[in-house]
Every structure is written in structure tokens, then in C-alpha cells.
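Colleague: Sequence:
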Amino acid sequence: MIGTGALAYTLGLRHAVDADHITAIDNTTRKLLNDNKYPVSVGLFFSLGHSTIVFVVSIIVAATANAVANGVENFSEIGGIIGTSISIAFLVLIATLNITVLVGVLRTLRRVKREGVYTELDIEDYLNNSGILGRFFRPVFRFVDASWKMYPLGLLFGLGFDTSTEITLLGITAIQGAKGMNMWLIILLPLLFAAGMSLIDSLDGMLMLFTYTWAYINPVRKLYYNLTITSISVTVAVLVALIEFFSLIGEQLELENGWWSFWYTLSDSFEWIGIVIIGAFIVTWVVSAILYRWLGYKALEREFDIKGSKTMVEIDCMNDELVAEKIAVADEKPSTLPLAKGTPIE
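Sequential numbering of the sequence shown, starting at -11, is according to our numbering.
Rather than coming from a laboratory, the hints here were simulated on the basis of the structure. Keep in mind that a hint or two might mislead.
As the list claims (entries may be wrong) - Restraint-style ranges between C-beta atoms, simulated for each label pair:
| hint | residue 1 | residue 2 | range |
| --- | --- | --- | --- |
| 1 | 191 | 279 | 46 to 54 Å |
| 2 | 278 | 246 | 38 to 46 Å |
| 3 | 249 | 24 | 39 to 47 Å |
Every residue, glycine too, gets a C-beta built ideally from N, C-alpha and C.
Model the full assembly from the supplied sequences, consistent with the hints where possible.
Modeller: Listed below in C-alpha cells is the structure:
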């Protein structure tokens, strides 16, 4: 049982770095942070939602081992179509929204360098007045406005039992159920799988939160890093969506030539692609910090801070003068209290 449990935990660790997991968590973290939220548990809730489906199906498979074990492949095919379709739609939505953000950030950053003027509301105003696609997708994407709402999204992603790790876990539970293992021991297998997946997805979410928070300390830095990271986010989301789309079409139509084999290979290497994505975000953060200083944005940041502090001092001084003026007026204002009867008038 110890060896089987260790295998289930390892499968969870491996499945957590699937490219669709990493992309969904990273982009949602940045979206919530841009909405002035602190999404520390995006990865945790996503993995818990995903694990719920894995847990339920694993128990069903183990409880009806011989009867259901033969039908796992059919369920996997149907669930794979549904889960992959949801994943593709979500990634396309993310890519579309990120493209609109990218255009707005690029325009604002150019204006900052040209005019030295920037306000915190520039990006938000652009998004609120974006084109038809922005207005159409905003109500849909607005659903995920808190970390816990990644749980239902994880449930939907979990419908796709289309990876080797999940199929292996179901196979293990079916074998153990057929051998007559105690159900309480079998329950530990999907729980260990969930523990491994939750660990990596949670760490990924916190890692992205750290890198994004660095960018949001100063408005100029926020713009620059937004431009860099949004470009990568769009590229990754489109790439993962294309891999899932062509793999799904090829498998359903049973296409086997070189073109489709290329996409099959990428689809089977999702764990490695996920690791590459995490590495790309880390490298991007390091390179962005270096280029930020080298291209002169650090000086622009200091200039913004100085201007901002002067503006705050001026506002405080104005407020003090207004308060003093109000006090003076109040002291000079004659009393309007009614006179008591019999009071002599001078």
C-alpha cells in the first residue's frame, strides 16, 4: 500500500504541471490582482475542484471494479471531449482578453515615455471602454472575481480524463478494488493524488502572485511588467489552446499523418510544457527586472514617485488651508440663537 500511495502522490505532483493548469492559474492570478484582489489561493481552489471529480470517479471505479473498469475508457473519451472543449474555450477567452489588455497597456506605456503622464485609471478606463469583444466577454470572465470561484472551474476542467496520470490513477483504483482492498484504504489513493496536485498548483499560484506583486508596487513598473507578462500569457494561452484543439480533432477523426502526430506528441508532453511555462515566467521576471533598469524605466519610476509625493504635499497643504479658513469663518459667524423673552436689545 505504501508503494501504491507514493505512486498516487507522484501522479498528482506530475499532473499539477499540466500546461492547462499552469495557464489557467497564472492568468487568473494576474486578472484578480489587476482587480485589486489578493488571490493567494487561486491554485489551491482550482486543484481542489479538479481533485473532486478525480476523487468521485475513483471511488465509483473502485466500488464497481470489474463492472466499471471496462467502461473507464469510454468515460474517459466522453469526459475528455467535454473537459478539453471547456479548457479550449477558457484559454481562448483568456487570450482574447489579454490581447485587449496588451493593446491598452502598450498605448499607455508609450504615452508615459512620451509625455511623462500616467494615472492608475488608464488601464481600467481602457478596459471599460474596449471594443465589442471586450464588452461581450466581460460578463463571462467577471464570474471569476475571487479565488474560491476557481473551484467550479476546476470541476469543469476535471471532466477531461484525458491524461496518462489520471488514467493511471483510475487503473490503480480499479485493480485494488478488484483485489478486494478495503474501501477506506482505496480512498487514500485519490486523496494522495489531490494532495500532490494541490501542493504544486498552490505553489505555482503563490509564485505568480509574488512576481506580479513586484510589478504592481509602482504604476510605471506595473505598466512595463504588464506589457511583458501579458505578451507571454497570450502566447501561452494560444499555444495550449491550439495543442488541445488539434489533438482533439485528430483523435476524433483518427488522423495519423505527420502533421497530426506533431500535435499528439505535444499533447502527450503537457507536463513538460507546464514546467517550461513556469520556467518562462520566472525567467521573464528576472529579465524584466534587468531590462527595467537598463532601458531607463527605473529613472522614470523615481520621477513619478517624486511628482506623486509633491502632489500629495500640495493637496495636504490645500486641505490644511481649507480647514483653517472654515474655522475662521465659523468664529466670525454671528450667533443665530433665539433671544429669551425680556432680553433687552442694545
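Colleague: The structure should be examined with respect to each hint, and the outcome stated for every one.
Modeller: Comparing the hints with the structure gives:
no.: 1; hint: 191 - 279: 46 to 54 Å; verdict: violated, 26 Å
no.: 2; hint: 278 - 246: 38 to 46 Å; verdict: holds, 40 Å
no.: 3; hint: 249 - 24: 39 to 47 Å; verdict: holds, 46 Å
In summary, the structure is inconsistent with hint 1 from the numbered list given earlier, while agreeing with all the others.
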